[in-house]
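2 protein chains.
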Amino acid sequence: MNTPDDLSNTTTHPVKEFKFELEKEVQTESGTARLGQIHTAHGTINTPAFVAVGTQATVKSLSPEELETIGTQVIFNNTYHLYLRPGADLIAEFGGAHKFMHWDHPILTDSGGFQVFSLGAGIEHNVGKIANIFPGEEGGVLVNPKKSDFKSGESLVKITEEGVRFKSHIDGSYHNFTPESSIATQRKLGADMILAFDECTSPLHDEAYTAKSAERTHRWAQRSLDYFKANPEIHDYPQALYGIVQGGAFEKVRRHSAEVIGGMDFDAIAIGGNLGKTKEEMHQVISWTVEYLPTHKARHLLGIGEVYDIFEAVERGCDTFDCVSPTRNARNGGLLKRFDDDGTPLKKYRMNIKNARYKDDQRPIDPECDCYTCNHFSRAYLRHLFKADEILGQRLASIHNLRFMANMCEAIRQSLRDDTFAELKKDWLR
Amino acid sequence: MNTPDDLSNTTTHPVKEFKFELEKEVQTESGTARLGQIHTAHGTINTPAFVAVGTQATVKSLSPEELETIGTQVIFNNTYHLYLRPGADLIAEFGGAHKFMHWDHPILTDSGGFQVFSLGAGIEHNVGKIANIFPGEEGGVLVNPKKSDFKSGESLVKITEEGVRFKSHIDGSYHNFTPESSIATQRKLGADMILAFDECTSPLHDEAYTAKSAERTHRWAQRSLDYFKANPEIHDYPQALYGIVQGGAFEKVRRHSAEVIGGMDFDAIAIGGNLGKTKEEMHQVISWTVEYLPTHKARHLLGIGEVYDIFEAVERGCDTFDCVSPTRNARNGGLLKRFDDDGTPLKKYRMNIKNARYKDDQRPIDPECDCYTCNHFSRAYLRHLFKADEILGQRLASIHNLRFMANMCEAIRQSLRDDTFAELKKDWLR
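Residue numbers (our numbering), protein chains in the order written: chain Z, 45 to 474; chain D, 45 to 474.
Okay, chain Z solo, but in the shape it has when bound (with noise of 0.2 Å):
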């Protein structure tokens, strides 16, 4: 099942250096695309990639395994949720997140940063990062936030110049994270590919807001930079510093973060924060960005995963990008498809398993699909499990949906390869 280039070289660790090799430049409608690899201690990232989500130590039901087999290249696991639980010096005691999770791939984990947004600004004012991306199970902190969960007015965050406080989700009890102590906390969870902290502002703050918030993110790049370079790995193998741009949908201000995050001695980096209300206004802060880029380094798309989004993303030469949405549609019975059963295209590029018309129906979800549940599973039994709220029902689903992603991103590392781009992406957009 897996192409022949979604898992070289995973175990020729320790190596010299991270390093993005840009394979080929595709001038598109909208901007460059591009192909590439990202080497890691733990493998090659064949470029555009998705990375699966796996919030607390495991994307959710799956074992490693099972995510190689997809052909899942890369992991994101978030720094907030391991820090509080179970701590970082304890995942640094085995060695780093890949030991302690088993999983000999790469990995990224992020600032803790997103979490100021998603238990702050996030809840104050009831949005996600963009219309659809809301604060979740996953790369979120609370499900299904509520203002009411927190007494009126209070935040449960107090952002300072020095960096973030705020109360921990599980056990009420108040923690600190500054730039220094995120990245400290990032060298003993040994990800891969760790994130300079930054605060990710809100589309309901102003742009006064933004731009204040946006130069104090600079301010902690540099000490992230800093820190990073002055306390090197704890492990055995080498870690690569992404900087974070911000600037939410402001134009001056997202090119003003663009600028000042691509002239830094960054590794590679990250587009995060406040992409606009609409996905036009998230391919606009994609464009303002990518402009001030240096080309030779990774860009990550921080928070995006809808098929939509991801050709218009790459379009705009972004390498990889990470999402909650493909897991945690499957956990509810979303399962990824392009086409209806009568070739029309399905709407989101998703069928609802639940839906009564798939009761007694003995095909695959997808007669084209090569995952080890369209393989085996009729789509009459994955409506059982979910109506059953059986877990083999969310683990087929999961299965499927990140198999899904997994062949998107190599069809469209192919079509860069054959300069088809521009087809592939009218015919999957249509």
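By construction, these hints were calculated from the structure, which means they are not laboratory data.
Check the hints yourself; a few may be wrong.
You can't tell identical chains apart in this list, so a pair holds if it fits in one copy or across any two.
Subject to a maximum C-alpha distance of 20 Å in a straight line, what follows is the list of computed SDA-like cross-link-like pairs (lysine to any residue) [said to hold, decoys possible]:
#: 1; residue 1: 391; residue 2: 247
#: 2; residue 1: 403; residue 2: 214
#: 3; residue 1: 143; residue 2: 416
#: 4; residue 1: 321; residue 2: 250
#: 5; residue 1: 211; residue 2: 466
#: 6; residue 1: 398; residue 2: 432
#: 7; residue 1: 392; residue 2: 219
#: 8; residue 1: 296; residue 2: 228
#: 9; residue 1: 381; residue 2: 451
#: 10; residue 1: 143; residue 2: 407
#: 11; residue 1: 341; residue 2: 270
#: 12; residue 1: 431; residue 2: 129
#: 13; residue 1: 296; residue 2: 351
#: 14; residue 1: 403; residue 2: 419
Please read all numbers here as calculations on a predicted model, not as lab measurements.
Here the structure of chain Z is known, so what remains is to put chain D in place on it, guided by the hints.
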């Protein structure tokens, strides 16, 4: 990981007949233990064997391939659950439960009769079959049933000579099970081994009621058998019908039931019902029963699966056993293991992985265990998954516990081959 005899002859159907092959009898302190093989269209079960419970056509959280690797030889589906959801006709359309759930090894279904007990008398009396077996989320019907869930004095079940009328726990609709409809339903589900329709009495029923109920169960047994013979298989492989001995813990009633059921033309025999209030009573009930059972028929002990009980049941001549406890305990963090790290025997052969003492424990659950979980994951990681309420924890624990049962049964079989069962039992039950 599999021992060679665990999964032999798995795809040889259609075969001509169900067959129990008694390889060897071994005299024990309390009776005659048996080494044997149950041949079915979907493969051979080496006995004594543990039957993993997969109530809703799934052994919770596990894939069929995982069950194969574990060495699980046979699984148990619940007729009541599958009749209500997704429906026996639907499963019949798929060619039976094997194809529906992608499990090409033996399956056993019950008659639905146990639900008469767990929905009726079980709730009214608030007791399970024996003290430590309560109607639960798998084998039983309701999770933590409370009398207050129902109108005072209203039983969900009405038993008549004809059969039983009951209310669905899913949608409150009313249904009837009769011996004829139970067998018809089990013909549709297509398990290799099916059970006659019976009433399972409660430990709180008196001798008079138990005797009256047993007589009715005997009439139901004959009706089950008559219907079974008059209505052949609807799938292309044979099914075997087990008669069920009832009679509670009353010597006279139990002996009489064993004699009646043992004398009927069933393919094999199951021992069901109230087996007493203590383990000692249970052993007594088994001894009373087996005295009347034909040697050449396989014997299944219903709802029993604790380590101690299995040794005692094997010692008295039982061949197979099903129980939710290994998988249910797994999902609650109760991991099967003989000895604590200091060599002392563990109470109930279980450690609680949620215990704080395992917080940073890098060892596997059991360094002696050959399961996938013990080969790859630490106690600390498993504890983390349980504390973080991650599905993968339930799955890894279920793998371990079912492998424990498979290994234990293989050790028992080997000891019967080697004439060392008494020593093995003494060693395990010290």
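Problem - Within, between, both or neither: residue 403, residue 214 at alpha-carbon 20 Å - result: between (39 Å within a copy, 17 Å between copies)
Problem - Intra/inter-copy verdict for residue 143 and residue 407 if alpha-carbon distance must be at most 20 Å - result: Only across copies: residue 143 and residue 407 sit 13 Å apart there, 39 Å inside one copy, limit 20 Å.
Practice task
At 20 Å max between alpha carbons, let me know whether residue 143 reaches residue 416 within a copy, between copies, both or neither.
Solution key: Result: close only across copies, 15 Å inter versus 26 Å intra.
Practice task
State whether the alpha carbon distance between residue 296 and residue 351 is at most 20 Å within one copy, between copies, both, or neither.
Solution key: Answer is neither: 28 Å inside a copy and 70 Å across each miss the 20 Å cutoff.
Problem - Homo-oligomer pair classification [residue 466, residue 211; C-alpha up to 20 Å] - result: Answer is neither; intra-copy 47 Å and inter-copy 59 Å both fail.
Practice task
Could you place residue 321 and residue 250 in one of the four classes (within, between, both, neither) given a Cα distance threshold of 20 Å?
Solution key: Within one copy only: 13 Å inside a chain, 70 Å across chains, cut-off 20 Å.
Handout entry: Within, between, both or neither: residue 381, residue 451 at alpha-carbon 20 Å
Key = within (11 Å within a copy, 42 Å between copies)
Problem - Same-copy or cross-copy closeness of residue 391 to residue 247 [CA-CA at most 20 Å] - result: neither (26 Å within a copy, 56 Å between copies)
Handout entry: 20 Å Cα threshold - placement of residue 419 relative to residue 403
Key = Only inside one copy: residue 403 and residue 419 sit 19 Å apart there, 39 Å across copies, limit 20 Å.
Exercise for the section: Go through the copies and call it for residue 431 and residue 129: within, between, both or neither, with a Cα cutoff of 20 Å. Expected result: For residue 431 and residue 129, the Cα distance is within 20 Å only across copies (8 Å; inside one copy 32 Å).
Practice task
Go through the copies and call it for residue 341 and residue 270: within, between, both or neither, with a Cα cutoff of 20 Å.
Solution key: within (19 Å within a copy, 77 Å between copies)
Handout entry: Alpha-carbon proximity context of residue 398 and residue 432, limit 20 Å
Key = The answer is within: 10 Å in one copy meets 20 Å, while 27 Å across copies does not.
Checked against the numbered hints given earlier, this structure breaks hints 1, 5, 7, 8, 13; the rest are met.
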